[in-house]
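These protein sequence lines are chains A and B, in that order. In terms of the working numbering, the first sequence is residues 1 to 316. In terms of the working numbering, the second sequence is residues 317 to 632.
Treat the hints as calculated values from the structure; they're not laboratory data. Fair warning: there could be bad hints in the mix.
Said to hold, decoys possible - Derived DSSO-like pairs (lysine-lysine); straight-line CA-CA distance at most 27 Å:
| no. | chain 1 | residue 1 | chain 2 | residue 2 |
| --- | --- | --- | --- | --- |
| 1 | B | 405 | A | 293 |
| 2 | B | 371 | B | 609 |
| 3 | A | 293 | A | 55 |
| 4 | A | 89 | A | 55 |
| 5 | B | 405 | B | 371 |
| 6 | A | 55 | B | 609 |
There are 2 protein chains.
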Amino acid sequence: MAVYTEVSDTELEAFLAEYDIGDADALKGVAEGVENSNYLLTTSRGQYFLTLYEKRVDPNDLPFFLGLLDHLAARGINCPQPIHGRDGKAYRPLAGRPAAITTFLHGLSPRRIEVRHCAPVGEALAGLHLAGQDFALRRPNALSVAGWRPLFDGARRHIDNALAAELQAELDFFEASWPAGLPSGVIHADLFSDNVFFLHDKLSGLIDFYFACNDSFAYDVSVCLNAWCFEPDRAFNATKARALLQGYCRVRPLSDRERELLPLLARGSALRFLMTRLYDWVHTPADALVKRKDPQEYLARLRFHRAAATIADYGL
Amino acid sequence: MAVYTEVSDTELEAFLAEYDIGDADALKGVAEGVENSNYLLTTSRGQYFLTLYEKRVDPNDLPFFLGLLDHLAARGINCPQPIHGRDGKAYRPLAGRPAAITTFLHGLSPRRIEVRHCAPVGEALAGLHLAGQDFALRRPNALSVAGWRPLFDGARRHIDNALAAELQAELDFFEASWPAGLPSGVIHADLFSDNVFFLHDKLSGLIDFYFACNDSFAYDVSVCLNAWCFEPDRAFNATKARALLQGYCRVRPLSDRERELLPLLARGSALRFLMTRLYDWVHTPADALVKRKDPQEYLARLRFHRAAATIADYGL
Numbered sequence: 001m002a003v004y005t006e007v008s009d010t011e012l013e014a015f016l017a018e019y020d021i022g023d024a025d026a027l028k029g030v031a032e033g034v035e036n037s038n039y040l041l042t043t044s045r046g047q048y049f050l051t052l053y054e055k056r057v058d059p060n061d062l063p064f065f066l067g068l069l070d071h072l073a074a075r076g077i078n079c080p081q082p083i084h085g086r087d088g089k090a091y092r093p094l095a096g097r098p099a100a101i102t103t104f105l106h107g108l109s110p111r112r113i114e115v116r117h118c119a120p121v122g123e124a125l126a127g128l129h130l131a132g133q134d135f136a137l138r139r140p141n142a143l144s145v146a147g148w149r150p151l152f153d154g155a156r157r158h159i160d161n162a163l164a165a166e167l168q169a170e171l172d173f174f175e176a177s178w179p180a181g182l183p184s185g186v187i188h189a190d191l192f193s194d195n196v197f198f199l200h201d202k203l204s205g206l207i208d209f210y211f212a213c214n215d216s217f218a219y220d221v222s223v224c225l226n227a228w229c230f231e232p233d234r235a236f237n238a239t240k241a242r243a244l245l246q247g248y249c250r251v252r253p254l255s256d257r258e259r260e261l262l263p264l265l266a267r268g269s270a271l272r273f274l275m276t277r278l279y280d281w282v283h284t285p286a287d288a289l290v291k292r293k294d295p296q297e298y299l300a301r302l303r304f305h306r307a308a309a310t311i312a313d314y315g316l
Numbered sequence: 317m318a319v320y321t322e323v324s325d326t327e328l329e330a331f332l333a334e335y336d337i338g339d340a341d342a343l344k345g346v347a348e349g350v351e352n353s354n355y356l357l358t359t360s361r362g363q364y365f366l367t368l369y370e371k372r373v374d375p376n377d378l379p380f381f382l383g384l385l386d387h388l389a390a391r392g393i394n395c396p397q398p399i400h401g402r403d404g405k406a407y408r409p410l411a412g413r414p415a416a417i418t419t420f421l422h423g424l425s426p427r428r429i430e431v432r433h434c435a436p437v438g439e440a441l442a443g444l445h446l447a448g449q450d451f452a453l454r455r456p457n458a459l460s461v462a463g464w465r466p467l468f469d470g471a472r473r474h475i476d477n478a479l480a481a482e483l484q485a486e487l488d489f490f491e492a493s494w495p496a497g498l499p500s501g502v503i504h505a506d507l508f509s510d511n512v513f514f515l516h517d518k519l520s521g522l523i524d525f526y527f528a529c530n531d532s533f534a535y536d537v538s539v540c541l542n543a544w545c546f547e548p549d550r551a552f553n554a555t556k557a558r559a560l561l562q563g564y565c566r567v568r569p570l571s572d573r574e575r576e577l578l579p580l581l582a583r584g585s586a587l588r589f590l591m592t593r594l595y596d597w598v599h600t601p602a603d604a605l606v607k608r609k610d611p612q613e614y615l616a617r618l619r620f621h622r623a624a625a626t627i628a629d630y631g632l
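The shape of chain A in the complex, shown without the other chains (with noise of 0.2 Å):
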């Protein structure tokens, strides 16, 4: 939780002239994401979310993360909506950041992850996919199999050695024998339950988009597995994977070679978690405004998934 560029009113005020969406009624820090500063802009016009991108987000992939809303919100999918300046601009500098302002989502996360919320999101992640199908621009994923080790290497030395060995090896294994060829194309690859809505048990939305890039579609299923499937006690739930599945195959079939490797791939994404867990817990500072996770329970399902043979391991 943290807003780390605060925005004076006459910043906003010179900012605001140059969109058509009238003036600034009220501005209120958000207290989520731990990436950029957001805050709930309301207008004699309405609510509006307004983002300035830290120093996390790499100014040149704005045309990439703004594009891709463009282009998924014209295809229906229930995405934040770049508005756009009188200058046809979805982004420009605010009180030193780059910022952008999008429609207001209405919606809840589920703070506790029922069943009933599984389909729907299978379902709302095959449509995106789908979706971004014929967007122009490409994002390679930064966090994919060759952006772990570089992570590993800067947590190393606080981790203890038969947890080290253990990476170690899932590392040596992954590097060697990552999985090519798969169906590709943008996924989210952080669609956590913190970046879905759901509004009268219907899924309402999904938000933050800034990791999403190219990768293979099944990749972006593992995620959800390991974000969705998981109990606070961190056991597998099967019931909730076979209706995420489920949910997914009845707007985007998965292929046979698919549904072969996502043991594989879900393994590799506990363990791409892990990794930037790992990394942010060792070098977080003690007094950072943002609350670290939890490195374990990635390493728990990473193990889950090691010992997992079949997709039929995983409900379906």
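Starting from the known structure of chain A, arrange chain B on it as the hints suggest.
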């Protein structure tokens, strides 16, 4: 900036069932306020503010705080107005905390205080004092002179000897000579710029009444002199003070005795904020979610007021 207590969608649904303001469309934790957890709540009927009272607020004070907002709103003061449930109650438990919904106030706090802000602040403060005069409940000012020494004692061992001697002398002085019998009533007691909203160059609202109490009106004026009339370089700005005092006097003229005592009260209120900041500075853990505020700027204010002779030193 902080949200201390998370609210689940199911908890919120049950809570809102007690009210007649529609269903929740969105709930965003707000990154402001250091005492309570604040959420911007959007329902099918509009925007509201949801506050969960954290441990610094005594639940026994809630009838005073929320009753005061009802009272003031009924008298035309632009402050958050409590929404009462179907049972008539203005607060009830949510996620283990007492919680209240209020109307959402439009406006932006000035990030940089200008002279044009000061007369409206003075006028609004006087309007508040008059509107609160017939409010039936009472709440003593826990942070008046009797509350300062315990704060000092709690921070003493972290303060160098010269400063400790200076503060000790101030406490001795005020404990012996704090003025009594001034015109009194409900005061805001914390009317800093982040608690005042402006919209289209007009003062549009006052918020955060959780220090409100019964004390002398002139003391509240002196808090505003400290809050609004010093520059970031700590220099006193007599133009701002004159505008603030003239604005106040247009709505509620200050008596001769109030004018005479204003430098003393301003010195006292500078000491009050110096004491709480010093205490928080010493006791806020380094990894806290809230930013610590520098006590030094209130030492500079205290010394300014000690050197002031009459209200003429404040531009009046």
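(message) Can you confirm whether the C-alpha distance between residue 293 of chain A and residue 55 of chain A stays at or below 27 Å?
(response) Holds. Residue 293 of chain A to residue 55 of chain A sits at ~20 Å (cutoff 27 Å).
(message) Hint check: residue 89 of chain A vs residue 55 of chain A, CA-CA at most 27 Å. Holds or violated?
(response) holds (21 Å)
(message) Would the hint linking residue 371 of chain B and residue 609 of chain B be met if the CA-CA limit is 27 Å?
(response) holds (20 Å)
(message) So if I understand the rule, the pair passes when the alpha-carbon distance is 27 Å or less; does residue 405 of chain B with residue 371 of chain B pass?
(response) holds (21 Å)
(request) Quickly compare the C-alpha distance for residue 55 of chain A and residue 609 of chain B to 27 Å and report which way the hint goes. (result) holds (25 Å)
(request) Compare the distance between the alpha carbons of residue 405 of chain B and residue 293 of chain A with 27 Å, and conclude whether the hinted pair is satisfied. (result) violated (38 Å)
Checked against the numbered hints given earlier, the structure breaks only hint 1 and satisfies all the rest.
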